[in-house]
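Quick note, the sequences are listed as chains A and B, same order.
If you're matching positions, the first sequence starts at 159 in our numbering and goes up one per residue.
If you're matching positions, the second sequence starts at 159 in our numbering and goes up one per residue.
Read the hints as simulated data drawn from the structure, not as lab findings.
Keep in mind that the hints are not guaranteed to be accurate.
[To be verified] Cβ pair distances, simulated, as ranges:
| hint | chain 1 | residue 1 | chain 2 | residue 2 | range |
| --- | --- | --- | --- | --- | --- |
| 1 | A | Glu220 | B | Glu247 | 47 to 55 angstroms |
| 2 | A | Asn177 | B | Arg452 | 31 to 39 angstroms |
| 3 | A | Thr319 | B | Arg453 | 27 to 35 angstroms |
| 4 | B | Thr339 | A | Gly371 | 50 to 58 angstroms |
| 5 | A | Asp317 | B | Val487 | 15 to 23 angstroms |
| 6 | A | Arg248 | B | Val487 | 37 to 45 angstroms |
| 7 | B | Arg452 | A | Gly175 | 25 to 33 angstroms |
Treat the numbers as computed from the prediction; the structure is a model and nothing was measured.
Every residue gets a Cβ at the ideal spot worked out from N, C-alpha and C, and that includes glycine.
There are 2 protein chains.
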Amino acid sequence: MAPKRKQRYIVGVDLGGTNIVAGVMPVDGSRDHAVRSQPTRAELGADRVVDRIAGMIEEVMELTAAETGASRADFVGVGIGAPGPLDRERGIVIVTPNLGWRDFPLRDEVSSRVQLPATLDNDANCATVGEWWCGAARGGRNVVGVTIGTGIGGGLILDGTLYHGASDVAGEIGHTTIDSTGRRCKCGNYGCLEAYASGPAIAERAREALADGEASLLRELVGGDLDRITARTVYEASTRGDLVAREVVRDTARFLGTGIANLLNIFNPDVVVLAGGVTDAGDALLEPLRGEVRRRAFRPAVEACRIVPGALAGSAGVVGAVATFKMQVMGGVDGDRVA
Amino acid sequence: MAPKRKQRYIVGVDLGGTNIVAGVMPVDGSRDHAVRSQPTRAELGADRVVDRIAGMIEEVMELTAAETGASRADFVGVGIGAPGPLDRERGIVIVTPNLGWRDFPLRDEVSSRVQLPATLDNDANCATVGEWWCGAARGGRNVVGVTIGTGIGGGLILDGTLYHGASDVAGEIGHTTIDSTGRRCKCGNYGCLEAYASGPAIAERAREALADGEASLLRELVGGDLDRITARTVYEASTRGDLVAREVVRDTARFLGTGIANLLNIFNPDVVVLAGGVTDAGDALLEPLRGEVRRRAFRPAVEACRIVPGALAGSAGVVGAVATFKMQVMGGVDGDRVA
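Input sequences plus hints: build the corresponding full structure.
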């Protein structure tokens, strides 16, 4: 019998504007360990955020060691996912409005704190790779990931490889125009998908729908303070049969379906995997979304593609951060098998 | 001194609804030989079209042999570009409205007529690969080709490889929605880029602009018969200062710029190469198009990308057909050097 090869581990960090999530996976991706979340508290400044990240890395390594008997030497490195745009090669966050950072060398700051090699990739890329390696997009060769929350981001796995583009800013799916003379987007452009279907955009459309005084459960759910409406409020009201909220959800499905139909006609993917808070509406959103895609995209592209919700919920970013470390430092992973 | 290696040759065929173009290139892509064009005459039926293709292949091989001293054995095969959707692996044209074909085994029909191995790929892919191998997109690693004529097609070279998608129908850039409640497209959808910026769409918008009786050189150019207006008429009138035509060209640039800005945000390419009759307008179209892209796309994506007209005009499809044969049968080519 061959001696059992000792397992090695990678730490994944998913840095968001609101929370930092960290966890550990063995290099074979067989499971995850000790996933922990803490508030980011970006207002304390970049140094304190890096301290917090480093502390969480130490914590999840200790927890994993206690659970598995691994020693410090069994941890080979840290994959970090962060909001972009980034310079992957230099490990720098170029600009991140949510964190208030500019040209911050996140990768090396983390690496020197924990004395482990580290990699940096875009958070939407990590979420997509996570679902591809261990989640709902397993087995796909051409995978488009769409993360719909405060913004709309995208990740692209094309011919079995994570695609970054010429300067690491590919996949800005939220900022594709679906209505060239339409709503103003935060990016300054008009008619971006994000201006219609992000969480804040959904809430805004609900407020607009109520502006003429129509009766709606939405008002009750927020005690009459329409500013408190969120996408979640809209879903709750819709589930409980509110007609205004239902129409807002149907329109959301139509907008997302239009944007995703474009992606089918461009990429002819085998999987589109949707993630982020906005997808919590489940089939009430997904079914009409798939209908809109069928109406708008070419049949061979529709037939080749499954459109599915992510399976990893809050941990896709961490799993993907582990996978991007593995891809950059140790060679490939793919969604079908562990390399 | 090493003995000079004998040159070998590949025939390229670009099958269009109107014309068939055929030519020969040495496998090193150093130049082209004997490019010939004939009307397709699709109305005579698929068999006669294949006869014509086979005849043209024999003709360009003979002309090349006479010019270079090559013998029949020096011709290694035939690359064919044809309108899609196609099944590349089986070499079948699935459906082509312009030719009236369904499930036609074009590759094997041609191959058996000329007794040479053959490959089949999409015409828009071939045009893009041609510009990448020998034309305006040389040196690009991520290249988006947009062919704007009777329809709007696309080809994608991503991380240095021609991208086909899950079932060979990727790159349908003309059928991405830029205005979700906009113009009806021939595909049945609403608001497709093609419904605004293809040759026929440009002519249609010009006719609409004249519907209220406004004075315009356009009327004179077509002897009062507005049905005779084409994109070319619009360009001519615009060049000669006609205000109606100028506005139609400006709008065309705006629509194309919107669609291409989407491609920049999605792909972050280093080159977008434009081809097809619609680009004959030159800088009058290209300059405002680039302006619209700058307004709509993210700055890092704009800075990474040059947007250029194709350099090969009518022969891009043939050059690309040669290159796709070379890629499929003999290994890679790339836009930087001959493999």
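Against the structure, the hints:
no.	hint	verdict
1	A/Glu220 <-> B/Glu247: 47 to 55 angstroms	holds, 52 angstroms
2	A/Asn177 <-> B/Arg452: 31 to 39 angstroms	holds, 35 angstroms
3	A/Thr319 <-> B/Arg453: 27 to 35 angstroms	holds, 32 angstroms
4	B/Thr339 <-> A/Gly371: 50 to 58 angstroms	violated, 26 angstroms
5	A/Asp317 <-> B/Val487: 15 to 23 angstroms	holds, 19 angstroms
6	A/Arg248 <-> B/Val487: 37 to 45 angstroms	holds, 40 angstroms
7	B/Arg452 <-> A/Gly175: 25 to 33 angstroms	holds, 28 angstroms
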